[in-house]
Each structure stands twice: as structure tokens, then as C-alpha cells.
Amino acid sequence: MSADRVSYTLDSTLETVNNAEETASRMAAEAGFDDEEIMKISMAVREAAVNAVLHGNAYDPSKKVTLAFERTAHDLVIVIRDQGKGLDASKIPDPLAPDNLMKTSGRGIFLIRSFMDVVEIHPSQTGTELRMIKHVHGNPADSKEAPQ
Amino acid sequence: MTMKSSTRQVDGVTIVDLSGRITLGEGSVVLRETVRDLLSKGQKKILLNLGDVNYIDSSGIGELVSAFTTSKNQGGDLKLLNLTKKVHDLLQITKLYTVFDVKDDEAAAVKSFSK
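If you're matching them up, the sequences are chains A and B in order.
Every letter in the first sequence is one number past the one before it in our numbering, and letter 62, counting from 1, is 62.
Position in the second sequence counted from 1, then plus 1000, gives you our numbering.
None of these hints come from the bench; they were simulated from the model.
Note that CB positions come from ideal geometry on N, CA and C, so glycine has one too.
Be aware that one or more of the hints could be misleading.
Distance ranges between label pairs, derived from CB positions [what the hints assert, rightly or not]:
| id | chain 1 | residue 1 | chain 2 | residue 2 | range |
| --- | --- | --- | --- | --- | --- |
| 1 | A | S62 | B | A1108 | 52 to 58 Å |
| 2 | A | H122 | B | D1101 | 38 to 44 Å |
| 3 | B | I1093 | A | E70 | 25 to 31 Å |
In isolation and in its complexed conformation, chain A is listed as follows (with noise of 0.2 Å):
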């Protein structure tokens, strides 16, 4: 099976994160997963988009998010990209914690891992990118040897 393979240019604003979230749902559903992992994909991306454009971006109208999806044979694979400072992931709190417990905020990450399956973070001096992968089930090519 060939990758398809579709990106976007965005701006920093409320808007693309809800245009993020429905895009993502439209891309699972097209990728054959059910409804609730459609809701994870996209809640994922949403998280992810939340934290390009507020904590990356900082709704600088000058910079922009990307975000690709990539189909391939196993897997949707994600990409939500900003233009930032660069988020260190080692510097996140852990929001289970119980000193964490009952803060208003720091859990997008958490549950971006929480509902894919691999989830990577590469900050730079230019920008953050997050890459998530959700594997997808019930793929034929998944679960069958190729014939001899």
C-alpha cells in the first residue's frame, strides 16, 4: 500500500485548534479506526495543537503550526510542528503526582501519551515537533503472515 501523506499550514489561534481536532477525527474515521479511538486520535491532536499555538507559539500571528498526517500500511502518523522556543519534555510535571494532582493545568502531554502509541518530542531553537503514532488495528497486513 502506497502513504498517503496530507499537510497543513496554520495559523496561531483558537480556530486551528479546532480545525486540528476535526481534521484529525476526519483522517482516523478515513483510516477505518472506531469510535473511540477516533476520539483519542483526536483529542490527541487537539492537546497538541492547544500546546503549539498557546505555549509554542504564544498566538504569535507571525508564526504558524504545521501539521501532517501520513497513512501508511500499520500506522496514522502525526506530526504537529510550531514555531517556539522548544518545549523540554523532561521539565513537565508529572500530573499524577499528588502534589500535581489538583493543578488547572499541565496534562495535555499526559494524555497524548495516554491515547497513542508512540509519542515523540523533539524540541529545537525553532520550534517543537511532536510526532505521534496510532497503530492500526485489524489491518489485514496487521495480523496475517504474507503468503509463501
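Using the hints provided, position chain B relative to the given structure of chain A.
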């Protein structure tokens, strides 16, 4: 639609019927202002009916935590009613389910507030 909020009084408890999405932006703001308004008017027994809330993001979760903490700090009490499966699951994985007082029967929930 983002979120709608309406309030009603039952035996001294203010029930806030919420519907739609509690997400970053309008939904979170509606919840915050509703709770703030109730507390400022001395209505400190608050039951958030989330039965028609079909979506909540991390910002919405944070807003629920904020509403709970603010109510407690002002001598009030805030409980949750009728969680949908999505909201229930989110509170479970964020370990907040046991922090909130969660009810699934309105009459029993109203009675559970101290007189």
C-alpha cells in the same frame, strides 16, 4: 455549539445543567463564570450536571479542578452528576475521579449536601 449552562435550585442546592463541550476557550470560560457568579451570590452548594457534556479537554479538566478548589476555598461544596463515559474515563486516567464527589442520581446527590 460550544457549551450551554443553566441553573436551577433544588432544596438549597444549585444544580448547573451543562451541555456541549468544556474546552479551551468559550466552554471553559462559561463554566468558570457560572461558578464564580454562584459563589459571589452565596450559592455555595453546587451540583454540576455533566450529563449532556459530550466532550472535555485538558483545559476543561483544569476548569473543573479550579471550580472544585474555588468552591472549597470559599466554604462551599461542588459535586459532579451524571458523567458521560468519555468524561468518566478522562477523570479516571487523570486520577481525579476519586478527588471529585461524583453522583449518578440527582435526588440522592441533592440530599448528600450538608444542611
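Hints, verified against the model:
A hinted range of 52 to 58 Å for the beta carbons of A/S62 and B/A1108 is consistent with their spacing of about 54 Å. Distance hint check: the CB atoms of A/H122 and B/D1101 are about 41 Å apart, consistent with the given range 38 to 44 Å. Checking the proposed 25 to 31 Å range against B/I1093 and A/E70 shows it holds: the Cβ atoms sit about 27 Å from each other.
Checked against the numbered hints given earlier, the structure satisfies every one of them.
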